[in-house]
Amino acid sequence: MARFERNILYIDLPSGDSSTEELSPSLITRFLGGRGLNSKLLFDHCPAGADPLGPDNPLIIGAGLLTGTAVPASSRFTVSAKSPLTGGLGDANSGGFFGPEMRFAGIQHLVIRGQAERPVYLLIEDEQVTLRDAGSLWGQTVRESDTAIKRELGTDEVQILLIGPAGENLSPIAGVINNLSRAAARGGVAAVMGSKKLKAIVIRGTKGSFVSDKDKAFSLFKEIRESLAPDPWFQMFSKTGTPGLMENYNNGLGVMPIRNFQESYRKESSSISSKEFLRLFSKKRKGCYHCPIQCSHFYSAGADWNEEGIEYESLGALGPRCGSFDLAVILKANAVCNRLGLDTIGAGDAIGFLMECHQRGLVSRQDADGLDLSWGNGETILALLHKIAYREGIGDLLAEGSYKASKKIGPGAEKLAMHVKGQAIIATDPRGLKAWGLGYAVSSRGACHLRALPVAEYSASPEVAKKLWGTESAADRFAVQGKGRLVKWCEDLRVLSDALGLCRFFTRTTFLFPEQLARLIPCVSPIEFTPDQLSRIGERINNIERLFNLREGLTRSDDTLPERFLSEPIPEGPSRGQTVDLESMLNEYYEARGWDTETGIPSPQKLRELGLVEEMSGLKQYGKG
Amino acid sequence: MGKVSLLYSHRLKEIAGKAEEVLDITAPSSVTSIIERLVEQHGPSFGRELNLRSSELGQDSPFYLVFVDGQKIPESKKDALLIRDGSNVSFLPLISGG
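As you go down the protein sequences, you meet chains Y and V in turn. The first sequence runs 1 to 625 under my numbering. The second sequence runs 1 to 98 under my numbering.
Next comes chain Y alone, as it looks inside the complex (with noise of 0.2 angstroms):
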């Protein structure tokens, strides 16, 4: 049986060296891996005020406690560094092969620092740590990259973290890509990757994985597979993956972002519908790493245009958010984005901006390269694509994103930019779900729903709310007295699935709560955890982030949304007229996290409760910009 290992693997690239440490067993109990883990040991090892694409910033990868054991949907791993989009902290999650095979190598964290003279890229085969000259990569895509490496180490029995163009050219909405499709591509992580001219982490782990008592643990497995089985949720996510939330949110609750968030609500949509997908597209399903969902597609949208995916998020950047309803030119794009190695969130929305920007007389079409720059046009989405990637032409103003381009463009241009802290915002309007809004503002990773995925408050009974958090209106979707109470309590919650490498889709299920996590975790673990352990480490997570951001020099100011969702009310559908009352949102939420309200900085007396006492050194310096 294999034996539970986790190291810290730390590689120096502009030597070489690596050495491995192991994980102490303080650590895992406060943080225990994947996102936790990581946020702890960026507090810990990026110096303050270090330049995001700068040799002092580390770059992360972390495979939660769970990933890669026997758990279901355990997939899950963590990238994580100072981002160069938001300036605070930067991480982005992904699914797929990679986290599992680090697990397999007995590695649970790399920390990779310093800068390399040349492009080279990291094979770890199990304790053999080697840096390979990347050259002749550099500059291709993901698949050509993929299949070059494969083909130099003579084997398809590895598993390959790439950048492509986007992030050696430093696009902070670059992605970083395994799988060939899955991405951690949120925060500019594969810009960070870029800078230090480090094309690939390529892993072959043979080590297999631990489990403490396996009667115990595959009769509980078996359990979770019954229970998921006949639940419709499960049944339809396994057809239809994330795009059939596409009917929910446009036609039910009207806040899918069309034109840049200027109409979140279209009547007529089937042409982007997950039925036209399957019908059309998909040829057979997907799944991660020891998943009983599989609610990827391999697809095509035409002879060079084989490809997994189409999530929800791409769907809806790449497309009505630039005005397009057309799946074949959405799917396009999105091999297009996984190809390039680019965020299809960060990169829809920057074209949709600059598409507003053009309508309102902004930006020429001369300015653009001679692009037709009207909504929806397929092949001008094609072709800012690619020179967001190479930055060429208009694309280098736009591989910084909206905010920033906005910067550039001038005046009126700021406004358009619908950003949090730098980040792009997803493709669900807030102002028809207010606890998301509240979500995007305060997420310490910039706009980001994932962080809360506040579903309850259009998902719970009344009833339920009032016993959670202290009032039915938080399960009313308009309201706003609750979200604060809400957002919080679904941020300790969530986080423990990025911390265990869990997947979204699974701990939807009673497997959110620490109770139910507490009987899984001793099934692959020798550690134990109560189920208050637990949400103490959920809230720990949290308050160590938001600790980061504060020394890094963001503010309470910081923790807003764009002018378009504060003051214009949505126009047409189910959300019709709805804008978003943050204000009396956000003093409930510092209220319920024990943060001060004028500030939004955390209180020592919190932090003392949390055992975050040598990170609460700087406390008295924060919060001033």
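No lab work stands behind these hints, which were simulated from the structure alone. Cβ atoms here follow ideal geometry from the backbone N, Cα and C, with glycine treated the same way. Just to be clear, a hint being listed does not mean it is correct.
[What the hints assert, rightly or not] With beta-carbon atoms standing in for the labels, derived distance ranges: (1) 285(Y) - 60(V): 26 to 32 angstroms; (2) 278(Y) - 60(V): 25 to 31 angstroms; (3) 60(V) - 130(Y): 16 to 22 angstroms.
[As the list claims (entries may be wrong)] To give a feel for the contact side, a few chain V residues facing chain Y, derived at Cβ under 10 angstroms: (4) 19; (5) 21; (6) 24; (7) 45; (8) 59; (9) 93.
Place chain V on chain Y using the hints.
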């Protein structure tokens, strides 16, 4: 007399054979009574689909949520809340994410 617009999604749409339809009402009607009429009209499979249950936040929940003019109608209010002329009623599955 009045008219209520109905919106179906996913399997409900397949069973009804349409994504939307308009229902005539003679007086303000409860959600429950509207559903009863729809089951009568579209058959028992429509009713079975609407009665599916799912686990959400560890609680047994209806798989299809009912929204009236964008507002979710809790199970506890399906008998009491009256739907009036001009209302829009949507039946959405619980699926969520991003």
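Q | Proposed interface contact between residue 45(V) and chain Y, which counts if any beta carbon pair is under 10 angstroms | A | Violated, because the Cβ-Cβ distance from residue 45(V) to chain Y comes to roughly 14 angstroms (cut-off 10 angstroms).
(Q) Please check whether residue 60(V) and residue 130(Y) have a Cβ separation lying inside 16 to 22 angstroms. (A) Given about 54 angstroms between the Cβ atoms, the range is violated.
Q: Mind checking the CB of residue 24(V) against every CB in chain Y and telling me if the closest is under 10 angstroms?
A: violated, 21 angstroms
**Q.** Verdict for residue 285(Y), residue 60(V) (Cβ pair) under range 26 to 32 angstroms
**A.** Distance hint for residue 285(Y), residue 60(V) holds at roughly 28 angstroms.
Q) If you check the beta carbons of residue 278(Y) and residue 60(V), does the distance land in 25 to 31 angstroms? A) Hint holds: Cβ distance 29 angstroms, inside 25 to 31 angstroms.
Q) Is the interface hint for residue 19(V) satisfied, with its Cβ closer than 10 angstroms to some Cβ of chain Y? A) This interface hint holds because 8 angstroms falls under the 10 angstroms limit.
Q: With a cut-off of 10 angstroms on the beta carbons, see whether residue 59(V) makes it to chain Y.
A: Since chain Y brings a Cβ to about 6 angstroms from residue 59(V), closer than 10 angstroms, the hint holds.
Q: Hold the hint about residue 93(V) up to the distance rule: shortest CB distance to chain Y must be less than 10 angstroms.
A: holds, 6 angstroms
Q. Under the criterion of a CB-CB separation shorter than 10 angstroms, is residue 21(V) in contact with chain Y as hinted?
A. violated, 14 angstroms
Hints 3, 5, 6 and 7 from the earlier list are contradicted by this structure; the remaining hints agree with it.
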